[in-house]
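First to last, the sequence lines map onto chains A and B.
Just so we're aligned, residue 691 is where the first sequence starts under my numbering, counting upward by one.
Just so we're aligned, residue 358 is where the second sequence starts under my numbering, counting upward by one.
One or more hints might be untrue.
[Unchecked claim] In silico BS3-like cross-links for lysine-lysine, where the CA-CA straight-line distance does not exceed 25 angstroms:
1) A:Lys711 <-> A:Lys802
2) B:Lys846 <-> A:Lys796
3) A:Lys780 <-> A:Lys796
4) B:Lys846 <-> A:Lys802
5) A:Lys821 <-> A:Lys796
6) A:Lys711 <-> A:Lys733
What the hints contain is simulated information worked out from the structure, not anything from laboratory work.
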Amino acid sequence: MNDMRILERDVETNAIKIAAKGVQVFYGDTHAIKDVDVDIQDKTVTAFIGPSGCGKSTFLRCINRMNDTIDVARVQGDIRIDGEDIYDRKVDPVQLRAKVGMVFQKPNPFPKSIYDNVAYGPRIHGLARNKSELDDIVERALRNAAIWNEVKDRLNAPGTGLSGGQQQRLCIARAVATEPEVLLMDEPCSALDPIATAQVEELIDELRQNYSVVIVTHSMQQAARVSQKTAFFHLGSLVEYGETGQIFTNPEDPRTESYITGRIG
Amino acid sequence: MALGLTGYVVFAVLLLTVGVFFMARGKARSSVGGDVRVLHSLPSYYGYNAAMFTAVPALGVMLIWMLAQPMMIENAVFKLIPDRIIEEGSSRGLVMSDVRRVAEGLDVAVAQGALTSDEAASIRSDSTDIRSLLGEVGVALGSTVDSEVLFAAQEYRNQSAGGLFWMSVIVMGLAIVGGSISISVTRAEFRARNVVERGALVLLILAASLAILTTVGIVLSMLFESINFFRLHSWTDFFFGSSWAPNFRGDSDLSILPLLWGTLYISLIALLVAVPIGLFAAIYLSEYASPKVRAAAKPLLEILAGIPTIVYGLFALLTVGPALVRIFGRGDDGLLGVEWMSGATAVLTAGLVMGIMLIPFVSSLSDDIINAVPQSLRDGSFGLGATHSETIRQVVLPAALPGIVGAVLLAASRAIGETMIVVLGAGAIAKFSLNPLEAMTTITTRIVSQLTGDTDFASPETLVAFALGLTLFVLTLGLNVLALYIVRKYREQYE
Chain A
691 MNDMRILERD VETNAIKIAA KGVQVFYGDT HAIKDVDVDI QDKTVTAFIG PSGCGKSTFL
751 RCINRMNDTI DVARVQGDIR IDGEDIYDRK VDPVQLRAKV GMVFQKPNPF PKSIYDNVAY
811 GPRIHGLARN KSELDDIVER ALRNAAIWNE VKDRLNAPGT GLSGGQQQRL CIARAVATEP
871 EVLLMDEPCS ALDPIATAQV EELIDELRQN YSVVIVTHSM QQAARVSQKT AFFHLGSLVE
931 YGETGQIFTN PEDPRTESYI TGRIG
Chain B
358 MALGLTGYVV FAVLLLTVGV FFMARGKARS SVGGDVRVLH SLPSYYGYNA AMFTAVPALG
418 VMLIWMLAQP MMIENAVFKL IPDRIIEEGS SRGLVMSDVR RVAEGLDVAV AQGALTSDEA
478 ASIRSDSTDI RSLLGEVGVA LGSTVDSEVL FAAQEYRNQS AGGLFWMSVI VMGLAIVGGS
538 ISISVTRAEF RARNVVERGA LVLLILAASL AILTTVGIVL SMLFESINFF RLHSWTDFFF
598 GSSWAPNFRG DSDLSILPLL WGTLYISLIA LLVAVPIGLF AAIYLSEYAS PKVRAAAKPL
658 LEILAGIPTI VYGLFALLTV GPALVRIFGR GDDGLLGVEW MSGATAVLTA GLVMGIMLIP
718 FVSSLSDDII NAVPQSLRDG SFGLGATHSE TIRQVVLPAA LPGIVGAVLL AASRAIGETM
778 IVVLGAGAIA KFSLNPLEAM TTITTRIVSQ LTGDTDFASP ETLVAFALGL TLFVLTLGLN
838 VLALYIVRKY REQYE
């Protein structure tokens, strides 16, 4: 890995998009997230790294309240997006999830056509007034997800018939189509081959211009390649959070250094 | 009761089997001086191997022999009976059953001491009154015994006894040969374990093919009787005629179409009841119900599936039918003040109750199918800001649709083949009508009524039951195959 390049990467200081304070998550009796404070910047790719079971995915799922769909999960603490508490009683989790898109570990296109997959969110939320507007939204989303050229001639083909990498980009297009402000990605490349991974990573870097992207990854190289900020989780706690170059070259915490150098994980 | 020769043979073979088991096991053990680690297989495998070779061929031959012997003897004995008797007694089968009965009577007489076995073999009907003699030992005969029939019966006994003797010799021989060969091959390097394994495999294959062969047998027996029917009755009337009016003058109208209409109409109503209720129940149970509710509600719903259909039939006859009459009938005394329904038996009665019967069928299958839809699809939909019901409507149900269609088709084939509910609830009038408040009849009901009571298996009115049954079988088989094909195709998609 070219460490020099990481060091030279410029990190713009953007406004804070997501502010988490004292977040605790319990699955039944298990204390999965312990007192996590983190400020995530707008128009930045933030990577969550850490060994398996360290809580990084759980924390990610707090940001769009996906943990609400799990009966035994309980979330405490304070998470604000643009200053608004998302766990406030006034907030409808369904509306919140339209604003905070999510891409999952395994590509999960619906058993519908490519077009219908992308149009799913806009249709549910009534984003298009007519068919041509919907067409525009779908095209824009597919272009944003860098898959338009591959599928423009077969929008009516089933989404499940695409290759793994194409499916994942279709899922990103689907998430982008609802015009979210934040895009959460839960190990989006773990089911993909290296070429598809490279395509998706390139896409993530482009998405940064419009969205605040939070990506959970097992691959430290990937975190180093795509993110500007990195958070290291260990055993449910946030150990260290900072600029990616800083974390990978000069970590403050000995546990981070152990993980980066491969001694734990 | 004392054991017959066959019983002794079975007993001897089993005894021999047990003995051979211990001998082979002991030989295996002693061949290595008690150190079983040197043996290829555990000692008991050698025992099982020997037992298998003792019992299986012997008992197998015995079984086949006992199935084949009566047929062969009957063929041989039949030649002894002159045509004169057959013409009087109308059919070969009747005469042969007389012969068998006389032969059994002689057996009983010998067993009770009324005759010696020599007398039984040499007795002649012109010198003795066989009928009264057998009557004394408790075997009643319908008419006096012809000398030819008596002779045939004696020949029958004679050959049976001879056959039995040779069977016993061969079976015992096989058991002894099998046992001694298997003991002689018992050595340390003999792979008894593999042979026993092979034996178990054969047993499993046998069980599987027995199930399949039974199906084939059922179809064939239906097919032959149906062919008999179509010899007596024109197939165009059966398939394309328009009325069902059996009588015993020999000019019956026997058309399947009015019955098929009744069957399909009642099934349609049943599905209209069962599919929405069952599907909604399945959606609630698999998507919304908490684990506690689910654990309680699912078995309760499935209790419905355990109720015998005759009980549903009673429910239709005693509760649902009269309730419907109270609503749609009785003129001014009824709830609606109309006179549309005269009796409790009607298409609607049977359809409603059958629908209730099918609810657990649809719900339980759909529940499995909905559960098989990957959670990742639901997460994907939730992650886009869809509500639970939007997710179910637009993602889960479309994904589960092929499977649900399969479940509905399976339910439909149950409905078409259902008997007791329609016997009690639907009535007995075969007609084409769109009015669900009228009594109508179904294929299954007619099969029951054509085959109950005194039946003559040479008349088209009786044989039509087999043609109806075969048609029904083909219909439900087609639906089942289609349903299974759809369900299987769907399963592959997510595995």
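Structure-based check of all given hints:
1. A:Lys711 <-> A:Lys802: Answer violated: lysine 711 of chain A to lysine 802 of chain A is near 40 angstroms, above 25 angstroms.
2. B:Lys846 <-> A:Lys796: Status holds; Cα separation ~22 angstroms.
3. A:Lys780 <-> A:Lys796: The hint is violated at about 32 angstroms.
4. B:Lys846 <-> A:Lys802: 17 angstroms, holds
5. A:Lys821 <-> A:Lys796: 30 angstroms, violated
6. A:Lys711 <-> A:Lys733: Between lysine 711 of chain A and lysine 733 of chain A the Cα gap is close to 21 angstroms, so the pair holds against 25 angstroms.
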